[in-house]
Amino acid sequence: MDLPWLRQGAPSRPPAPARPLCLQWYQPLLQTPSATLAYRPDAPSSSSSLAPSLLQRARSLAAEHDALQTALNAAFDATKAKRVGELRRVATALEEWDAARSSIAELATMAADPEQDPDLASIARDELDAERARLHALEKRLSASLTPPHPFADLPCMIEFRPGPGGLEGRYFTDSLFRMYRALCVRRGYRAAVLKYELADAAGDQSSTAGESPLQEAVLEVQDAGAYDVFRSEAGMHRVQRIPSTESKGRVHTSAVAVWVLPSFPDAATGSPELDLDDPESDFYVNPAEVKVETMRARGAGGQHVNKTESAIRMTHAPTGTVVSMQDHRSQARNREAAWKVLRSRIASQRVERREEEAARLRSSVLSRGQITRGDKMRTYNYNQDRCTDHRAGLDVHNLPDVLAGGETLDRVMGAAREWLVAREVEGVVAEEEARAGGDNGKKSS
Numbered sequence: 157m158d159l160p161w162l163r164q165g166a167p168s169r170p171p172a173p174a175r176p177l178c179l180q181w182y183q184p185l186l187q188t189p190s191a192t193l194a195y196r197p198d199a200p201s202s203s204s205s206l207a208p209s210l211l212q213r214a215r216s217l218a219a220e221h222d223a224l225q226t227a228l229n230a231a232f233d234a235t236k237a238k239r240v241g242e243l244r245r246v247a248t249a250l251e252e253w254d255a256a257r258s259s260i261a262e263l264a265t266m267a268a269d270p271e272q273d274p275d276l277a278s279i280a281r282d283e284l285d286a287e288r289a290r291l292h293a294l295e296k297r298l299s300a301s302l303t304p305p306h307p308f309a310d311l312p313c314m315i316e317f318r319p320g321p322g323g324l325e326g327r328y329f330t331d332s333l334f335r336m337y338r339a340l341c342v343r344r345g346y347r348a349a350v351l352k353y354e355l356a357d358a359a360g361d362q363s364s365t366a367g368e369s370p371l372q373e374a375v376l377e378v379q380d381a382g383a384y385d386v387f388r389s390e391a392g393m394h395r396v397q398r399i400p401s402t403e404s405k406g407r408v409h410t411s412a413v414a415v416w417v418l419p420s421f422p423d424a425a426t427g428s429p430e431l432d433l434d435d436p437e438s439d440f441y442v443n444p445a446e447v448k449v450e451t452m453r454a455r456g457a458g459g460q461h462v463n464k465t466e467s468a469i470r471m472t473h474a475p476t477g478t479v480v481s482m483q484d485h486r487s488q489a490r491n492r493e494a495a496w497k498v499l500r501s502r503i504a505s506q507r508v509e510r511r512e513e514e515a516a517r518l519r520s521s522v523l524s525r526g527q528i529t530r531g532d533k534m535r536t537y538n539y540n541q542d543r544c545t546d547h548r549a550g551l552d553v554h555n556l557p558d559v560l561a562g563g564e565t566l567d568r569v570m571g572a573a574r575e576w577l578v579a580r581e582v583e584g585v586v587a588e589e590e591a592r593a594g595g596d597n598g599k600k601s602s
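The sequence shown finishes on residue 602 if you use my numbering, and the numbering steps up by one all the way, no holes.
Hint data in this document are derived by calculation from the structure and do not stem from the laboratory. Because the structure is a prediction, the values reported are computed rather than measured. Yeah, the Cβ is synthetic: ideal placement off N, Cα and C, and Gly gets one too. A few of these clues could be false.
The calculated lysine to aspartate or glutamate pairs, modelled on DMTMM-like cross-linking and capped at a C-alpha distance of 20 Å, are [to be verified]:
1) Lys533 - Asp552
2) Lys497 - Asp380
3) Lys497 - Glu446
4) Lys238 - Glu220
5) Lys533 - Glu316
6) Lys533 - Glu575
7) Lys497 - Glu368
8) Lys497 - Glu575
9) Lys448 - Glu493
10) Lys296 - Asp254
11) Lys296 - Asp385
12) Lys296 - Glu575
13) Lys497 - Asp385
14) Lys296 - Glu581
15) Lys497 - Asp484
16) Lys296 - Glu583
17) Lys238 - Asp222
18) Lys238 - Asp310
19) Lys497 - Glu316
What follows is a list of derived Cβ distance ranges for each label pair [stated by the list, open to error]:
20) Ala579 - Pro274: 21 to 31 Å
21) Asn555 - Pro305: 50 to 60 Å
22) Gln506 - Val449: 16 to 26 Å
23) Lys533 - Asn443: 32 to 42 Å
24) Glu466 - Ala339: 27 to 37 Å
25) Gly550 - Gly382: 25 to 35 Å
Can you make the complete structure from the sequences, with help from the hints?
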C-alpha cells in the first residue's frame, strides 16, 4: 500500500517487499484525511508485545547498519562490509516489522471510521486480523535476529546417547532414540555417520521383542554445516513410559535416556581462528601433552580380531578429567582419530558452557535461576497414550510411532523446542541489557 508520508526519511537499505492487500483497488479512498494516521515507528502499540529494550536495541543496530552502508557506498572497506552483513538480518526484520505496524495502524483507522464505506470497513477488519497474525510472526523473527548466534551454530554436530535410570529398559529405549534421530537424518537428507555404537556387556546380545538392542553408549555425527543449530535443542533427559516386554503384570515402567549435542570440529582449516585446532585461543584446541593415551584390547562381540589386538583407545584429558574411549573400529588409528574428535568436542562444549554460566550470573538478578536451568526432564514418550510431550514448549502430540520413526510429527516437536530455546535466549538478552542498564544507572547515581 502506497503511503507517501512513511517514505520520508527512509533509510538507504532496500525497502522490504510490499505485501499486497485486498484494499489496493480502493486506493483513491485511502488518500482522504479521515484515513490518514500519523504513524510513528517508536510509538507504543497494544498489538505489539516486543520488549522496549529489544526495540531500542534493534533501532540502534539498524541505524549502525544504515550508517555503515552509506560509508560503504562511498568507499569499500572489508571490515565495514563484514559488519553490515552481520547487521542485515536485524535491519531487514525491523523494517518488515515497522511496515506491518504501519499497515495495522492504517487498517484499524479504516475499520473504525464511521464514515467509511461498509464494504471497505469489512475488508479492512478481515485484513486487520491477518496483519496482526503476521506482526506476531515478525516479532518472533525480530527477537531472534537480536540474539547473538551461538558460536557453534554453523558447525556439524555429534549426538551422544547414554541410558539413564531404568536398567535394561533404559538401554532399549536408548537404541530407540538413536534410531529415531538416524531416521530423521535419512529423511532430511543429512549426512550422518555412526562414530560409536556400544552394547551393554551385562545384557549380552539380547534384544527386545521390538528389535531394540541394549545400547550402552552411541555417538551419531551429523556432518552437515549448521547441524548443531538444528539439533542443539534436543539435548537433555528424554523420559519413556511404557510396559516392558518382560513385564508380566502389565505395569508401566519409567526410564530415561540422556542426550548430549556437541559441536563437531572441522577436519580441515576453515580460515576461522575460533576453529583453528592449533591455536591455543581456540575452543577446540587441546594440548596433546595434557592428554594421556592408553591402548587396550577391545571388549564385546566382534569376531577373532577382538581381544587379540590392542586396537581400543582411551584418552584422558588431565586438566578437566574428561575421558573418552573408542573401540568401534578394527584399526587403532581410526579409533584414535575418532577419540580425538569426541574429546575436542566435549572440551570445547565445556569451555562455552563456562562462558554462558558467567553470562547467566550477570543476569541472575532479573531472571530466576529456575528459568535458566529448567528442563532436566525435557520430553516424555508415553506409549500407552500414544503421546509425545515436550515439557519445555508445553506441546503434546500424538502418533508416537511417527515420532519414533523420525517422521514429520517429530519435526513439529523439534520446531516447538527450538522456538522455546530461542525465546529463552531472547529473555537472556533482554535481562542482560536490563542488568547492564541498572549497573550503569547505579554508577551514575553514586
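Structure-based check of each hint:
1. Lys533 - Asp552: Holds. Lys533 to Asp552 sits at ~15 Å (cutoff 20 Å).
2. Lys497 - Asp380: holds (16 Å)
3. Lys497 - Glu446: Holds, because 16 Å separates the two Cα atoms, which is no more than 20 Å.
4. Lys238 - Glu220: Answer holds: Lys238 to Glu220 is near 13 Å, not above 20 Å.
5. Lys533 - Glu316: holds (17 Å)
6. Lys533 - Glu575: holds (17 Å)
7. Lys497 - Glu368: violated (28 Å)
8. Lys497 - Glu575: Violated, because 30 Å separates the two Cα atoms, which is more than 20 Å.
9. Lys448 - Glu493: Holds. Lys448 to Glu493 sits at ~14 Å (cutoff 20 Å).
10. Lys296 - Asp254: holds (14 Å)
11. Lys296 - Asp385: OK: Lys296 and Asp385 at ~17 Å, within 20 Å.
12. Lys296 - Glu575: holds (9 Å)
13. Lys497 - Asp385: holds (19 Å)
14. Lys296 - Glu581: holds (12 Å)
15. Lys497 - Asp484: Status holds; Cα separation ~14 Å.
16. Lys296 - Glu583: holds (12 Å)
17. Lys238 - Asp222: holds (14 Å)
18. Lys238 - Asp310: holds (17 Å)
19. Lys497 - Glu316: Judged against 20 Å, a Cα distance of about 13 Å means the pair holds.
20. Ala579 - Pro274: 21 to 31 Å: violated (41 Å)
21. Asn555 - Pro305: 50 to 60 Å: Violated: the Cβ-Cβ distance is about 33 Å, outside 50 to 60 Å.
22. Gln506 - Val449: 16 to 26 Å: holds (20 Å)
23. Lys533 - Asn443: 32 to 42 Å: At 37 Å between Cβs, range holds.
24. Glu466 - Ala339: 27 to 37 Å: Given range 27 to 37 Å: holds, Cβ gap about 35 Å.
25. Gly550 - Gly382: 25 to 35 Å: Given about 27 Å between the Cβ atoms, the range holds.
Hint check: violations occur at hints 7, 8, 20 and 21; the rest are consistent with the structure.
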